[in-house]
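Could you build the full structure based on these sequences and the hints that come with them?
Residue numbers (the numbering used here), protein chains in the order written: chain A, 7 to 156; chain B, 2 to 523.
No lab work stands behind these hints, which were simulated from the structure alone. C-beta: ideal position from N, C-alpha, C; glycine also. Hints should not be assumed to be uniformly reliable.
Unchecked claim - Computed Cβ-Cβ distance ranges for the label pairs, DEER-style:
1) A:Ala129 to B:Asp376: 50 to 58 Å
2) A:Gly145 to B:Pro156: 23 to 31 Å
3) A:Pro89 to B:Pro47: 48 to 56 Å
Letter by letter, the chains look like this.
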Amino acid sequence: MGACGSWTMRVGCALLLLAPIGAAAAEGDQLLATVNKPAVVTATPAPKTASESQPARQVVLSVTGYQPPQNGAIQGIVKAQKPDGSEQQIGTIGVFPDSAFKAESSRARTYNFPLPKEFEGAAVKLKVELVPLRGQAEGAQLEVGSAEIR
Amino acid sequence: MTMSRRDMLLQGCVIGAGVIAANTPGIVALAQAGPKLRRSLHGMAPNDPILQTWRDGVRLLKAASGNVSWTSFANIHGNATDFNLCPHGNWYFLPWHRAYLVSYERAVRQLTGNNDFALPYWDWTEDRQMPAAFVQPTFNGQPNSLFESQRDATPTDSLPDSTVGPGVINQILAESPFETFGTSRPINGAQVQNNLDQSWINCEFCGTMGTLEQTPHNLVHVFVGGIMAQANSALDPLFMMHHCNIDRIWWLWNQGGGADTPDPLWTGMTFQNNFFNPDGTPYSPKVSDLLVPEPLGYTYADTPVTPPPSTTPPTTTPPTTPPPATVAQYDKFKSLYAVPNLATAKPAGVATYAAPVTGDAATLNKYLEVGVDVDPNALRTVVYRKSAPSGSETLSLTKARQDYISGPRCYAFLREVDYTQHQNTEYRVFLDCDYLSAGVPTSNRHYVGSFGFFGGHGSHGGKEARKPSIAVDLTAACQRVYGNATTPPGKLRVQIQPVPLKPTGRAGSAKPSRVEVAIVGA
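See below:
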C-alpha cells in the first residue's frame, strides 16, 4: 500500500521511488527502466517437470512497480539480446490502468511473449525500453521483478 | 465447443455448434436470432444509421438514471480509482467484456427502437487515429455525445506499429493455446484457481497476460489517455468501439482454428449479477454462453453470399460482391448441407465417400474409429493446398473468406448421431491418431474439433425425434497429419473420443449411423 491508500493510485499522487527488488537480479541486471535508460534482466529457464518434454517457448516477465509519465503515454518495448550483441524485439507491453503501483511479487503484473527458436535452451538477456507512445512521456519508471522462460 | 464455425459463417448460416438438421431447441432459437452485423468505423459516413443510433443511444443512456444508464453501466467496469467487476489480467477478460458489450448493444436497441443496431468497431490496425466521429465536440450544431473532453490524445496522434501493426496482429493470431492468447487462469498467492467462486473473476492481474491484452488492449487505452487510461474508462464512448475490435480479434482467432479452453473452471463460470438487461433486471451469463457471437445477437461475418435487397439508398460503401468463382464455390459448400446423404446425392464438384458404423459407440474408455476409403489423389489436393493467410490480411474477412473457400477442402459428416448422457460430455474428433485416449489433449496435431449437444433428445413439437448430424472440417488436420508423407493414405480414420466436461462427472457415448467424407475441389 502506498501513501495514497490504495494499491492503485491516481497519477498526481506523490511520485514513488521505485526501489528494485534485488532477489531476482543476475549480475549485470538493471531492473529499473526509465525513458533514458532501459531495464536489463536475465530470463532463466524454469525448472521442468518429468512430463514436460517440449522446449520452452514463452518468456514471462513480471513488473513490480510503475510510475506513469508526467505527460504523454509510454510503452515498454521488450527485446532479447543475441550472443553476437544484436537484439530482437519480442513484444510490447502497456500498463493499464495508467496509474502508479507498487506490488509485491505475488501480485506483480505478468506478461508473456513467444520466445524465438534461436533463443531456446539457455538463459536470455532481456532489455525493456520505455518508449514514448504519445508526447514526451517524461518521468515514467517501470520496475522489472523477474523474467522466466517457460 | 464448436468446430467449423468459420465454415458455417462463410455459408451465411447462424449455426454455431456444428450441428445440422437437428431437432434440438437450440437450433430453432439460433435460426430465429437474426444476428446483426457489427461494422467497422472505417469509412463510415458521419450520418450512417449505425453511428446515429450509437450517438442517440449514448445520449439517452447519459440522460437516464437507474440500472440502465451510462453511469450505472460504467460503474460496473470501475470507478476513478479502481476496477469494479471487470476482470483484467486473467482468463475471464475476453468473455466478460463480450457480455459487457452485449449489454450496451441491447440497451441501445431498446432505447432507440433500432433493432438492427450493432456496435461498430474501431479497427485501429487500419485507422491509427481516433475515429473522426468521436473527436468533434459538436455534430449538426448539437453537442456530440460521442465526444469526450477528458482524452489526452489529439485527433492527429497516431498509434504506432509496435502497438497495432501487422507484426503484433500476426503474433496474436498465431498464439496458442487459449491461456496464452486470451490470458491465463488466476493464481492468488500460491493457490491456483480451483473452484468457481465469484472472487476469481475479479482476481485482477492474477494471471499472465497474452499479447492481445498486454499490447493493443492496454496500449490503445493508454494512448487515448484521460478517462480511457483509467479504471472508469467505460465513461468514454470510444471504449466500446475499442473493445469491439478486441472482441472481433478473439472471433478471428477462433475462425483461424484457435480453440477456446474447454476447462470447466473457465466455461462454467457465471458472471452473477454482473450486467443488466434492457429492462434493468440482472443479466448473468455463463462463459459457455458467450463463446459464439451469433446467439448473442451480433456477427462479424460481413459479406453475405446474396446481399439482402435494400429499399433505402446506402449512405456508406456497399458491401463487396464476391467474384463469380467464389459464389460458385459457395454453392458447392451449400450443397453439402442441403442433402441428407452425400453418397446418393453426389453433389457436383464434390468427391464423396461413406462408411457405415458397425462398431460399438464411443465411450470414455474406448474411442470409436470409422475408416472411410477415399481417393488418395483427391485427398492430395487438400493435404498440399496452400495455407490460408494469417495475420493482418485476415482482418479483412472478405479476402479471408475468398482465400478460404477457393481452395480444396475436406469434411466429415457424422450422420444421425445416437448419444447418451450428453450434459457433461465433450465429444472430440481426431484423425488417424494411433495412441488416442481421453488424455490426448486438443493441442495434439491429430485433433480436429469438438461437438456437444444441448436441449433434449426427445420429440420436439409433437414430431418424432431426429438424431442430429455433425459436420467437421478435416482440412487443417489432414495437412498436419499427412503433410510430411509423400503420398496421402487411401483411408481416413475418423475417431470420436468422449471426455467429461467436469472431471468428476461421467462422460456419455456417441455413435453415428455412418460417416461420410466430402472432398470439395478448388
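Cross-check of the supplied hints:
A beta carbon spacing of about 52 Å between Ala129 (chain A) and Asp376 (chain B) agrees with the range 50 to 58 Å that was offered as a hint. Taking 23 to 31 Å as the suggested C-beta distance range, the pair Gly145 (chain A) and Pro156 (chain B) conforms, at roughly 25 Å. The hinted window of 48 to 56 Å between Pro89 (chain A) and Pro47 (chain B) holds, with their beta carbons roughly 55 Å apart.
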